[in-house]
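Student: This is what each chain is made of:
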Amino acid sequence: MVEETIARLYAEQEMRCPTHLCIGQEAIPVGVSAHLTATDLVFSGHRSHGHYLAKGGDLRAMVAELYGRETGCARGKGGSQHLVDLACGFMGSAPILASTVSVGVGAAWGARMAGEDRVVVVYFGDAATEEGAFHEAMNFAAVRRLPVVFVCENNLYSVHSPLAIRQPPRPISALGGAHGVAAACGDGNDVEAVHALASGAVARARRGDGPTLLEFATYRLMEHCGPNGDLELGYRSAEEIAAWQARDPVAVYRNRLAADGALDAAAQERAAAETAREIDDAVAFAKASPFPAPDQLARFVYPETGR
Amino acid sequence: MVEETIARLYAEQEMRCPTHLCIGQEAIPVGVSAHLTATDLVFSGHRSHGHYLAKGGDLRAMVAELYGRETGCARGKGGSQHLVDLACGFMGSAPILASTVSVGVGAAWGARMAGEDRVVVVYFGDAATEEGAFHEAMNFAAVRRLPVVFVCENNLYSVHSPLAIRQPPRPISALGGAHGVAAACGDGNDVEAVHALASGAVARARRGDGPTLLEFATYRLMEHCGPNGDLELGYRSAEEIAAWQARDPVAVYRNRLAADGALDAAAQERAAAETAREIDDAVAFAKASPFPAPDQLARFVYPETGR
Amino acid sequence: MTRQLRYFEALREAQAQILASDPRSYLIGLGAPGPTGIFGTTAGLQQRFGAERVLDMPASENGMTGVALGTALMGRRPIVIHIRVDFAVLAMEPLVNQVAKWHYMYGGKMTAPLTVRMIIGRGWGQGPQHSQSLQAWFAHVPGLKVVMPTTAHDAKGMLIAAVEDDAPVILFEHRWLYNVSGPVPEEMYRVPLDQAATRRRGRDVTLAGTSYMTLECLRAADLLARIGIDADVIDLRTLTPIDVPALTESVGRTGHLVVADTGHVQFGAGAEVCAAVAERAFAALKAPPRRIGLPHVPAPTTPALADLYYPRAREIARAALDSLGSAAALPPEPDDPRRWKDVPDPSFNGPY
Amino acid sequence: MTRQLRYFEALREAQAQILASDPRSYLIGLGAPGPTGIFGTTAGLQQRFGAERVLDMPASENGMTGVALGTALMGRRPIVIHIRVDFAVLAMEPLVNQVAKWHYMYGGKMTAPLTVRMIIGRGWGQGPQHSQSLQAWFAHVPGLKVVMPTTAHDAKGMLIAAVEDDAPVILFEHRWLYNVSGPVPEEMYRVPLDQAATRRRGRDVTLAGTSYMTLECLRAADLLARIGIDADVIDLRTLTPIDVPALTESVGRTGHLVVADTGHVQFGAGAEVCAAVAERAFAALKAPPRRIGLPHVPAPTTPALADLYYPRAREIARAALDSLGSAAALPPEPDDPRRWKDVPDPSFNGPY
Ligand SMILES: Cc1ncc(C[n+]2csc(CCOP(=O)(O)OP(=O)(O)O)c2C)c(N)n1
Ligand SMILES: Cc1ncc(C[n+]2csc(CCOP(=O)(O)OP(=O)(O)O)c2C)c(N)n1
Ligand SMILES: [Mg+2]
Ligand SMILES: [Mg+2]
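Residue numbers (the working numbering), protein chains in the order written: chain A, 1 to 307; chain B, 1 to 307; chain C, 1 to 352; chain D, 1 to 352.
Just so you know, these hints were derived from the structure itself, not from any lab. Since the structure is predicted, the reported quantities are computational estimates derived from the model, not experimental observations. Fair warning: there could be bad hints in the mix.
Unchecked claim - Heads up, incomplete: computed chain A residues facing chain D, CB under 10 Å, no partners named: (1) 82; (2) 107; (3) 134; (4) 143; (5) 145; (6) 227; (7) 245; (8) 290.
Quick reminder that beta carbons are idealized off the backbone N, C-alpha and C, glycines included.
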């Protein structure tokens, strides 16, 4: 719902930054984050709204960041591609593919050096595994048996490029074994399946048994970057989109809960209304927030302590 | 013998460039090159003398290159770390770890684009597989099923650093499977074992069945860079060195041939004498060759055709 | 010769003609054959030239640069495309250590005729990792040629010349030039890779620009003209070499120099221009050469700061006035109804 | 304070004191704990501080830079060591896109206090891929601090200051300084990361050097002194910022500037120095500022060409004479029995 609102409001041209929605992929961060504590850490890439919110990231600060305001989580300097919320352990997202994977590995290592018990989750897409930096990070995590869960959201595409022209026919999770990292594949559109796989991986990390690579099959329902669909581009078929739409993780789980009697219509409505209120509040907050003042342009290039 | 001579003459300080000897590792290029034709191509890294000579590289041009002469294979501009002999298909060596792996993959692809049937062999050490660029190259070779044989000379060390602190406990050949590349391990000090494994890999490439990663266990008997031993550094034990010395591939194979009656003492002596003559000739050639003239300094920065 | 094309169309036409005329050439980049075709510059080319001439690639900037080099050694003429300079930073090792030096370090035995197109991002919150303009890095590296076409005409002619050149050439394309149109001949033609172009003749001050900043220089010249100052505007076009003779000729007439570059000022291309002009035309300079470019700050995402970050025509004009020691006031800004300047000025669409 | 240490010993002592006094610090680099200890600079430190404070690493320059950044975010103070600048080229993406911008792009919420030691190779046929001196690249990137200590004293003091600084600092160490000795206090001390040092007072011409080239400037000053020309020698020490006040003060007295840098001239550090001085001290300059550095050529391996490649004191002195318009002849070269100059001049061993 947050992203649907973003999609709707994006046309107002007040969120002036490249914005990658994760509609269709929501089950993964939800299933993973369920196992994380506030002191566990998360890193992400360009498609990070879901990762941020699932970890408990501040919604107001995120929306304000998209609106480029001083009250944004990165004071407007980052935008959608650079979310951060230290209070909840969301350590940062950055759009250069695979760039935060090694940073996450380092954070796990740094926490261990400090004697802190923290699990680190790093999210990335299928294309990020084509970057050498990804392999370097996996190798080091394995050498040091660091408490990292690598979560690959394999949505079959890199922008408009299908997997088959970019990678050989083998599961991405096979890369784990090569690097001495435990690995598994699962259905990324089934939040319970995600929850189950993540449970093992997070527990393994917490026990000190080292890193795990989880590959989740999923699908991006919107365009790569921006608020719309992209059927007209023709790089994927209407049937393919429809088939995945039918497996939309939110709807699937909502229906399952309803069928199980765990969620009645009234509760559902209440939850939706509550969420809508929160979103409206965040948008109102963002729109009412000031833009950074001109003197903020050159601030934070260098730490004020260090120069 | 070539390298023994280099080691002996290095102290004269006329070969003024970093020089990485492959004594102890000779079986690998010999066993691999036996399957290559003159139009097949080879790329290598910093420890390339053996790869160059086994492919049929010109000895005089190599020695002259080490001596920094105009008659060197790279006109003195490259030195030991930048050997080249296009006539025999030795396309170049370069010391940045893993840097020539992708170039070799590209050469295989370029040959295919040109409709040429060529197999490309790329040599590198165990440490090179820690570079992300190595993985990127493997992935692409697999996607395009290119005729490349990746040959990893695993000599257990990167300079003075043992494998275990750099990589997790799994064979390097496991990286092949992850990238959809055929892979195998073998004894790199047994030229017949190398020959057998390389036979399959080269044949596979030639048939159009795609790349193979071969990992060979071997050992560097001299110091990492330079003409001497390095027992005194203490990073490897005298026992370890002695054990590998006992498995010196040249001696082992010479003895095996002698035992089989395939090589009698006279033939052996003749061969040794012939080789010694060639080496003396190459050294004499190099020493008699002129240094590049001053006007060569700025030559070949840009092609003369193109500017 | 009155046909007008936009910059991205000129690039597309150049590539189509290269692919059609030279069977050794091919084109590779993330999304090159895709439906949006790298901002339109490669749209339709795969359909026309086939899947082996116009290629997508894995997200492996380093490895694919090495791969392209390998094909070049085997006689191909690759065009490698990076949709942002920022992503090409992953390819510095192969570009700088290998591609740039391959011809030299093997004693001239081989050439490495790659062309690498890099797009400089700007606007709509591209932010710190999608809008770097690092041409100064590449121009620092012997063996590479670095060019920055400003007009649609030069985009086509320099891209063709780049592919035909036996040296590796890095072509920087500023995203804000893509919709700017100008006259582009239909036939294949070459624009030399070592010459600046004078875009406006003037006698009072020399404004030298790289890429998009040349347009801002032209607009600055308009502003100055309105207060009676007559600027010479030089489109640098190439960095290796910088066309120092063109600069010294101009400065010899004007005595004043303002350089406007798309990158950071500090250790940027403008420093080389100023240093070179100071070395070779010191006596002609009547005032210190001045530099306009990005401050020593990463690119902020919010338009509220990005608008302050990017210098425009007024800053260039003001530097010219400073150089001339003039106290004149610039004419007022023309009315711009846009709240933010994070998309190209619609009045900048050419023809140029 | 008369204790003399060599440069590499000063670096080792600095690191030992950092490791001893700051439990957050650690040291990582290829071979750092190994028997040769990165040219002696890390020798014995693992034995003293343990395997978790002094670490080897996989040959993964990119990934390990990201890893070090991650530890820095968690409060560590890493020192990452590259035994050649050329290898660090693989780490440009994390250094430039991430480390440099991390503080800024998350609105000041975190700092990235890495120190990165990079060694500039030279001599004995290091050749094209083992002797690059790319400080100008890093100084072009906002968020990084770039320093180049020349003396053993500054090597220690700047390394300590770098680790204590909350910004990421890149420390360039020239291999030919490693055996040069000088007075080094035993205690922990800091040398500021933004100030040049005057190494010799003179009134006729300003010679400004970076790193090893400062020693060549000093020798050039000796040559010039023998023909009655009195040079001011400034050791730049830092590039971000360049100490422009120190330069303008000196040029204000001398009117003449020669900059000698260890890297390529074109788009190099000297361009920034010249441009900055031309901007701020134009009126004081009596002649164009001159640059000494590497030609636009990759480093050749053979000593026959390498000797021509690297400029030395005579070239600096000659540039000074040119600037002064002096027709004086330099005193003859002191007898140097060495055939090749691809190892450091034994008479350059300090103290400095
Ligand atoms: C190093 C680098 N190269 C290219 C890009 C451009 N780019 C941005 S998102 C993207 C697609 C990434 O695909 P994937 O990792 O599968 O994530 P998804 O968008 O599918 O979630 C690309 C190629 C980039 N951001 N970084
Ligand atoms: C990118 C890069 N990093 C570091 C080095 C320094 N270096 C030169 S050789 C070497 C060891 C390489 O080990 P390996 O690949 O196993 O080959 P070996 O020397 O054992 O034959 C290292 C680290 C380098 N040349 N390139
Ligand atoms: Mg994807
Ligand atoms: Mg090895």
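Student: Compare the structure with the hints numbered earlier in the document and write down the numbers of the violated ones, lowest to highest.
Tutor: 5, 6, 7, 8
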